[in-house]
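Protein chains: 2
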Amino acid sequence: MSKITPLSGFPELLPAQRNAEVAIVEQLRRVFELHGYNSIETRAVEPLDRLLSKGEIDNEVYVLRRLQADAEAADAGIGLHYDLTVPFARYVLENAGKLEFPFRRHQIQKAWRGERPQEGRFREFTQADIDVVSRDELPFHYDVEVARVMSQALAALPLPGLRMQVNNRKLIEGFYRGLGINDPGAVMRVVDKLDKLPADALLGQMAQIGLSAAQAHSCLALAQIRASDSTFVEAVRDLGVSHDLLDVGLAELAAVLEGCRDFSNERFTIAADLRIARGLDYYTGTVFETVMTGFESLGSVCSGGRYDALATDGTTTYPGVGVSFGVSRALVPLFQRDLLTSTRSVPSVVLVALVDDTSRQASDALAQRLRARGIPAEVAATAQKYGRQIRYAERRGIPFVWFPGDDESSNTVRDIRSGDQVEAHPDQWVPPSADLRPQVVRA
Amino acid sequence: MSKITPLSGFPELLPAQRNAEVAIVEQLRRVFELHGYNSIETRAVEPLDRLLSKGEIDNEVYVLRRLQADAEAADAGIGLHYDLTVPFARYVLENAGKLEFPFRRHQIQKAWRGERPQEGRFREFTQADIDVVSRDELPFHYDVEVARVMSQALAALPLPGLRMQVNNRKLIEGFYRGLGINDPGAVMRVVDKLDKLPADALLGQMAQIGLSAAQAHSCLALAQIRASDSTFVEAVRDLGVSHDLLDVGLAELAAVLEGCRDFSNERFTIAADLRIARGLDYYTGTVFETVMTGFESLGSVCSGGRYDALATDGTTTYPGVGVSFGVSRALVPLFQRDLLTSTRSVPSVVLVALVDDTSRQASDALAQRLRARGIPAEVAATAQKYGRQIRYAERRGIPFVWFPGDDESSNTVRDIRSGDQVEAHPDQWVPPSADLRPQVVRA
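Heads up: the sequence lines are chains A and B, in that order.
For the first sequence, our numbering assigns the number 59 to the initial residue and increments by one for each residue that follows.
For the second sequence, our numbering assigns the number 59 to the initial residue and increments by one for each residue that follows.
FYI, nobody ran anything at the bench for these hints, they're computed from the structure.
In this text the structure is predicted, and so the values were computed from the model without any measurement.
It cannot be assumed that every hint is accurate.
Since copy identity is lost for identical chains, a pair holds within one copy or between any two.
Claimed, not checked - Each computed PhoX-like pair below joins lysine-lysine, with the alpha-carbon atoms no more than 25 angstroms apart: (1) K254 with K61; (2) K443 with K168; (3) K156 with K251; (4) K156 with K61; (5) K254 with K443; (6) K156 with K254; (7) K251 with K168; (8) K443 with K61; (9) K156 with K443; (10) K251 with K61; (11) K443 with K251; (12) K254 with K168.
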């Protein structure tokens, strides 16, 4: 038998950490549902050819085979999904006749990649995606909507600061075309290295792909524009380029920023960042990236954008716009540094003490009366001295210990954090609502 | 590209069905947490040797390999878990120093088996498990507790009738030993076929393994005892066998039945069924099985029991008791027959209508005021005639359509099921609480 050890890249949480993750996922789900995004789940596997059609991540797919299958049938031809977009696109095509469009969905599920584990990159990880997809056409205002929904969700999370950076592919492409550049994709691939290479090197690479010095300087200047409001429009205009597609891109980006402005707070900001391009052959308009303050090396923890062809069956095209929050990518590094946990390792608000070894049934009945009113409760494991039963609660973070009385009117309950002990009736006492569920704690 | 088709054995749900599944899983989780069972999740994969150590299901394991891994490293030596008990046992051993015992956990996750798909048997399926595990010793009253918790959870589910059948391995073994049988396991393996073979055949097989006719008849008589209360004790006593272990088993089984009696209702019953043995080398006391009325061919939808060694590291043993509800096994056949769904395919309670093409912002603002008070709302996709906007809501099952007024006091909201339309204030109107979330619907 293999030694019991963690598997690199497959993070697991202790109960108190798990309670923080559950609370955060519930918060996300709640915001998604308030905006009409319905839960779906897709199977964990897809046919290999569908997983590999994007071309870029062949070596990261986990292929499945049945252990004892015949040699020729050994390979089931299926692999684990590496994101939630590929399966969602397939789900839309498979069920198009049964779905109502525009179709808003959220999907909070695990995905798997066989890549080398490193911080923030796991072999198994949870993502929380929202997308709106429609048939044939999806008006631009849905770009603003998904940005607003995810902004509202992120702005409320108990995490280090999040900075969402938005750009628009039409803006970039229109700008390049306005400069007379015929292959915008080639320039984007160079500009994409802005974080890694000095400006001179980028200018050199742009010259190599045929840009004039003036064109190259303009492209670099565009990529360096950042603004938390629509002043970026002015900054772009000052570069003296004009093109219809540029106008559309500028208007769209300004509308997204404007739409999300209400959600900015001390922990969440959104800004135009004209350097952002993302998945080069994929997105066609709005694009999003998000960095977590102090954890920039993780890369983007929340990304997405507009794709004019999320899915197509050859006859009908399904455009979409969506954003994906990397639950594991953002949270696991915080758990690993002990920067995130919750107030307790059990759901119980109350530990009902045992008076003696024969009183289990009475304590069970008391606990059941609390549960009947929605108060999670457990009964002490053994009838030790009360001091020990209190320590039992302390070790689990249970805030209240209930001491059964001789009769209904002599029950007492102690808040073991303050030591305050009061008389309480099992059909009437309620804990402070903040204590009803484990609370997220940030160090 | 492979044709888009469902994969046999990997069921997926449409949005309205998914909402029913979510509601049912939430109901389970709620009951588990009221009793102090904390959520955990384990990674989807385990080392192969750990998955195969039970010996019985070798050919059902899905092994993972990275698509482009080197030939010698092709096999990662890991496979997908086929239940939640093996990973839980490993989690307990791995984290024993950081867990508080007795440790109550619930775990609601997918598992995978490469077996031939058939009704109620899927290659990917969701299970909802509860277990209590402790170090060295776990008192019997936890058997009663997990039975009570799962009974309370099952009794509230909107499913066809569920019949939980309980037995006790000590009872069977004690009875057999009291009869002078030295290899109780061999007899259990024969009795296990009671549903499939006629009594004569079983008696014949018992003779073959060396039982006298009297012994065989007693074993058969024991297996045929069923009772919904402790009258089974009398019935067993009448067979005239005595043994200390039998006494313990009888008392334990009676205590489990007694403890769960309050939860019996028209949809859920619990009874002693002395035929039940389950996993022959695994359980050591209480054992559970559950059949769904009208779906007996699915087999057990909720099973479990006591294992005196859930996990062991050679030095310390961790006894446990648990029950596992097969969420997919019970629900998917109902979905497939259109016997189960929910009232709507979106979370939205309200569709805010669009007065005209220029009023999207005003309708968005109204929706946002509803959301701020916890009312899921979406805005109509296009400013069609109101009749069409109402049909948009109808197709999704959204119960209310909000018609923006010229000013705050002239808003109205229509319950499109009854046609009733009333004046409403966006900061005050509340829907009936039953409408706040999609409701489960059973055909």
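Here's how the hints hold up against the structure:
1. Neither within a single protomer nor between protomers do K254 and K61 lie at most 25 angstroms apart by alpha-carbon distance, with minima of 41 angstroms and 41 angstroms respectively.
2. Taking the shortest alpha-carbon separations for K443 and K168, neither the intra-copy value of 45 angstroms nor the inter-copy value of 42 angstroms comes in at or below 25 angstroms.
3. For a Cα distance limit of 25 angstroms, the shortest separation of K156 from K251 qualifies neither inside one copy, at 43 angstroms, nor across copies, at 44 angstroms.
4. Taking the closest pair of Cα atoms, K156 and K61 come within 25 angstroms of each other only across two copies (18 angstroms); inside a single copy the shortest separation is 48 angstroms, beyond that limit.
5. For the identical chains of this complex, K254 and K443 are neighbours neither inside a copy (63 angstroms) nor across copies (54 angstroms), given an alpha-carbon limit of 25 angstroms.
6. In this assembly of identical chains, the alpha carbons of K156 and K254 never lie at most 25 angstroms apart, being 46 angstroms within a copy and 41 angstroms across copies at closest.
7. Taking the shortest alpha-carbon separations for K251 and K168, neither the intra-copy value of 30 angstroms nor the inter-copy value of 40 angstroms comes in at or below 25 angstroms.
8. For a Cα distance limit of 25 angstroms, the shortest separation of K443 from K61 qualifies neither inside one copy, at 39 angstroms, nor across copies, at 67 angstroms.
9. In this homomeric assembly, K156 and K443 come within 25 angstroms of each other (Cα to Cα) only across copies, at 24 angstroms, whereas the closest approach inside a single copy is 62 angstroms.
10. With identical chains, the CA atoms of K251 and K61 are never at most 25 angstroms apart, being 43 angstroms at best within one copy and 38 angstroms at best between copies.
11. When the C-alpha separation of K443 and K251 is checked against a cutoff of 25 angstroms, the pair qualifies neither within a copy, at 65 angstroms, nor between copies, at 50 angstroms.
12. Within a single copy, K254 and K168 get their C-alpha atoms no closer than 30 angstroms, and across copies no closer than 40 angstroms, so neither meets the 25 angstroms cut-off.
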